[in-house]
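From first to last, the protein sequence lines stand for chains A and B. So in the numbering used here the end of the first sequence lands on 288, straight run, no missing numbers. So in the numbering used here the end of the second sequence lands on 288, straight run, no missing numbers.
Just so you know, these hints were derived from the structure itself, not from any lab. Some hints here could point you the wrong way.
Partial selection, computed: residues in chain A whose CB lies under 7 Å from chain B [stated by the list, open to error]:
#1 W10
#2 L111
#3 K122
#4 G233
#5 G236
#6 D237
#7 N267
Calculated cross-link-like contacts (lysine-lysine; reagent style DSS-like; alpha-carbon spacing at most 25 Å) [as the list claims (entries may be wrong)]:
#8 K20(B) - K200(B)
#9 K98(B) - K226(A)
#10 K226(A) - K23(B)
#11 K271(B) - K118(A)
#12 K23(B) - K98(B)
#13 K226(A) - K271(A)
#14 K226(B) - K20(A)
#15 K122(A) - K122(B)
#16 K226(A) - K146(B)
#17 K226(A) - K20(B)
#18 K271(B) - K226(B)
#19 K200(A) - K20(B)
Where chain B lies over chain A, by a calculated footprint (3+ residues, C-beta under 8 Å) [said to hold, decoys possible]:
#20 188-199
#21 211-224
#22 254-263
Using N, Cα and C, we set each Cβ at its ideal position, and we do this for glycine too.
This is what each chain is made of:
2 protein chains.
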Amino acid sequence: MRDFSRDHRWLSINTATVRKQWKLAQIIEACARHDIRAISPWRDQVAECGLDQAARLIRSHNLELSGYCRGGMFPAADAKTRQAALDDNYRAVDEACKLGSSCLVLVVGGLPGALDGKPVYKDIARARNEVHDGIAALLDYARKAKMPLAIEPLHPMYAADRACINTLEHALDVCDALDPNRTGVLGVALDVYHVWWDPKLREQIERAGKDRLLAFHVCDWLPQTKDLLLDRGMMGDGVIDIPRIRGWVENQGYAGYSEVEIFSAANWWTKPGDDVLATCIERHRSSV
Amino acid sequence: MRDFSRDHRWLSINTATVRKQWKLAQIIEACARHDIRAISPWRDQVAECGLDQAARLIRSHNLELSGYCRGGMFPAADAKTRQAALDDNYRAVDEACKLGSSCLVLVVGGLPGALDGKPVYKDIARARNEVHDGIAALLDYARKAKMPLAIEPLHPMYAADRACINTLEHALDVCDALDPNRTGVLGVALDVYHVWWDPKLREQIERAGKDRLLAFHVCDWLPQTKDLLLDRGMMGDGVIDIPRIRGWVENQGYAGYSEVEIFSAANWWTKPGDDVLATCIERHRSSV
């Protein structure tokens, strides 16, 4: 297992972590200032910056991309909306290529309409079928573009509105169905926040193997979580045994970045961005 | 599948649903008034009423108990606390017998201290081992008392603080390990709120079979859930396809009560108790 205590060579910052403090250009400058070598930006931040300009800034600051957030959201109420979602995913692949990302992270979507409080249907198996078909269609496109797709299983509390793939086992079932030969174009983004509770986590990480482990995200589960979406904790402040999980992942040969992704409306989004990055570095070295 | 639309013969009320409106004696009277045939009371409510008095009231109103809430909370920081938890579980079995309950529901506990915001350790596998050992010890006692134990898998968002058994599959693994001969003394309480998202739900319900399906709880998952504990929805107001799940359960031969268990700080706990019960009846007939 790699020793993270000496430096932060393998730290990546998901740009949502400081999205309330800075725009993307400022985040890139701040990461360079803190000697952070990689980021994972969000599409809306890239769009605001301009794709070409974002690509230039990333290159000129010698940053790598541990992922690009995000494609997915496949299920839809009707065929037209479903096609629009797919077209948007094709664009996400193109953008990921342009930015030089290592993968496109997929948050696959849940019951159509649930995010707005009005689910169009309740049959989650149907949503899962639509996700399967959506990834299948996108995979052909991604394969030609040589852009790996990383399915991110989300915590079951997001099953209705954000992602109906909620366990690593399920994500790997989809990978095995669509890419049985493990070509490298389909795998998972493993975020400890979403999967730490799973009694089958170790077994499924071993099943995944290096081929499927495309990204590793960290933050912490706070024991008294106040909000389902915006109350993620800083590594070390919660209950997740992150080094144990990282050990399992690295035992499979994963040697990429450890990406900090924190949405924290009441805490980390309210602090100065430089303080947040300094804390991410300190906790990366002490608690990951 | 039984037709619930005609009457509410198979409706049970978990007494937490109206705990802010009434004490147990009033709940019992109200249920009788609404022609509700079964309840599932909580230990603190029974203690407040007095165990003998509660047993008398339940008998005199011809109520059945679809469960008794709750035993469990096995993991502890040290041996003394662990033994105290076990002793308390023995008392819970005795109370369940005295009240004539069909089972004692087990919320097994999570990381010791996490409920108070200070987890003593982070090794969830260790907590799961302590749960296994706790249930094993309690099972001997329950077997002699002829009181079935119903492990309730809780939603993964409660893994840290309330229950580290978070899937039906895991609960059934524990059942199979401790009661391989399916003697009827160990099974599960299946609450749709906790398990609806699980892609293996149907398969695991079939694995459970009638022997293991000791209780069936309903409420709904609201698409814009505001609180991790106290924002459960009324059946029909959320995203759970309850009739589908009930169909799977009844296909296995389950013929017991459908128990409504709603914690709702901002909504149902603020309404007159009779209105809540009337709504439970209406939704039991239309949405379960």
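Structure-based check of each hint:
Evaluation of the W10(A) hint against chain B yields a violated restraint, the C-beta minimum of about 22 Å exceeding 7 Å. Interface restraint check: L111(A) against chain B, minimum CB-CB distance 6 Å, threshold 7 Å, status holds. The interface hint given for K122(A) holds, since its Cβ lies 4 Å from the closest Cβ of chain B, which is under the 7 Å cut-off. Using the Cβ-Cβ criterion of 7 Å, the hint placing G233(A) at the interface with chain B is not satisfied: the shortest such distance is roughly 11 Å.
Interface restraint check for G236(A): the shortest CB-CB distance to chain B comes to about 10 Å, outside 7 Å, so the restraint is violated. Evaluation of the D237(A) hint against chain B yields a violated restraint, the C-beta minimum of about 11 Å exceeding 7 Å. Interface hint at N267(A): violated, since its Cβ lies 14 Å from the closest Cβ of chain B, which is beyond the 7 Å cut-off. A hinted pair counts as satisfied when its Cα atoms are at most 25 Å apart, and K20(B) with K200(B) does not qualify at roughly 35 Å.
Of the supplied pair hints, the one linking K98(B) and K226(A) is violated, its CA atoms being roughly 38 Å apart against a limit of 25 Å. With a C-alpha separation of about 29 Å, the suggested pair K226(A) and K23(B) falls outside the 25 Å cut-off, and the hint is violated. Using a Cα cut-off of 25 Å, the hinted pair K271(B) and K118(A) holds, with the two alpha carbons roughly 24 Å apart. Only pairs whose Cα atoms come within 25 Å are accepted, and K23(B) paired with K98(B) is accepted, the gap being roughly 19 Å.
At most 25 Å may separate the alpha-carbon atoms for a hinted pair to count; K226(A) and K271(A) meet this at roughly 18 Å. For a cut-off of 25 Å, the pair hint linking K226(B) to K20(A) stands: about 22 Å separates their Cα positions. Our distance criterion of 25 Å between C-alpha atoms is broken by K122(A) and K122(B), whose separation comes to about 35 Å. Annotation: proposed proximity of K226(A) to K146(B) is violated, straight-line Cα distance about 40 Å (limit 25 Å).
Simply put, K226(A) and K20(B) have alpha-carbon atoms about 22 Å apart, close enough for the 25 Å limit, and the pair holds. Of the supplied pair hints, the one linking K271(B) and K226(B) holds, its CA atoms being roughly 18 Å apart against a limit of 25 Å. Of the supplied pair hints, the one linking K200(A) and K20(B) is violated, its CA atoms being roughly 38 Å apart against a limit of 25 Å. With 4 residues bearing a CB less than 8 Å from a CB of chain B, the stretch 188-199 of chain A meets the requirement of three and the coverage assertion stands.
With 3 residues bearing a CB less than 8 Å from a CB of chain B, the stretch 211-224 of chain A meets the requirement of three and the coverage assertion stands. For the stretch 254-263 of chain A, the proposed coverage by chain B is not satisfied: 0 residues have a C-beta within less than 8 Å of a C-beta in that chain, short of the threshold of three.
The earlier numbered hints that this structure contradicts are 1, 4, 5, 6, 7, 8, 9, 10, 15, 16, 19, 22.
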